[in-house]
Amino acid sequence: MLDTFRRTCDQHEHPASVLTDNGMVYTVRFAGRRGGRNHLEHELHRLGIVQKNGRPNHPTTQGKVERFQQTMKKWLRAQPDQPTTVHELQALLDTFTEHYNHHRPHRSLPHRQTPATAYQATPKARPSTTAREHDSHDRLRRDKIDKTGCVTLRIAGKLRHIGIGRPHAGTHVLLLIHDHDVRIINAATGEILRELTIDLTRDLTRDYQPRGTNTQK
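If you read the sequence shown in the working numbering, its first letter stands for residue 683, the second for the next number, and so on.
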């Protein structure tokens, strides 16, 4: 999902906001946010793009795209040569997209414009640097340091292993998380065992957070 979003932005630039349903690939807000924001939510927050999600059990919120999909499915079923492979299906979808966006007049648009004409003539809203500056994600987690001296924490859809040290194995801890700032505290004594900031802009794939570094390298 994240790769598709980025490719779309490369082609059309970043929007000011996005609207989706509540599928887990779009948001984890109905999953209790136990794992923090997912990959897409993290990326939208990083870019300052406002995220909008439809109201549960209210499918008309995404009515326009649902209507588009209905038109597309009808067109596909009407083709005399039905696809038998993924490549053939993709070729038909490309043909439909070109016809729908650039050639087919739309009654809902002024002067029966095509979507491409209307899109190109409309000023584009862009992300705001202040739109989400107060939109932080704060969590409190209870955990126990494992026998390797680590605790785990899911950030941006990926499980991270944070090194505390083998001498602390078995210690019960509190994890205070503010976005990507993490503070790990001995639950019994209140001692701060580690503080770090996980810098996802450097490497989204990094898992282990070794001791001796405050940020992800």
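Think of the hints as simulated: they come from the structure by calculation, not from any bench. Glycine is no exception: its CB is placed at the ideal position from the N, C-alpha and C atoms. Fair warning: there could be bad hints in the mix.
Claimed, not checked - Ranges between beta-carbon positions, derived for each pair:
| # | residue 1 | residue 2 | range |
| --- | --- | --- | --- |
| 1 | Ile874 | Gln744 | 25 to 33 Å |
| 2 | Ile867 | Thr830 | 49 to 57 Å |
| 3 | Ala713 | Ala773 | 36 to 44 Å |
| 4 | Arg749 | Leu841 | 46 to 54 Å |
| 5 | Thr830 | Ala713 | 24 to 32 Å |
| 6 | Ile867 | Ser699 | 53 to 61 Å |
| 7 | Arg728 | Phe778 | 53 to 61 Å |
| 8 | Val700 | Gly847 | 18 to 26 Å |
| 9 | Glu815 | Pro762 | 17 to 25 Å |
Unchecked claim - Cross-link-like lysine-lysine pairs, in silico, DSS-like; alpha carbons within 25 Å at most:
| # | residue 1 | residue 2 |
| --- | --- | --- |
| 10 | Lys734 | Lys746 |
| 11 | Lys734 | Lys806 |
| 12 | Lys734 | Lys829 |
| 13 | Lys829 | Lys746 |
| 14 | Lys756 | Lys746 |
| 15 | Lys826 | Lys840 |
| 16 | Lys840 | Lys829 |
Any of the earlier hints contradicted here, and which numbers?
The structure breaks hints 1, 2, 4, 6, 7, 8, 9, 12 and 13; every other hint is satisfied.
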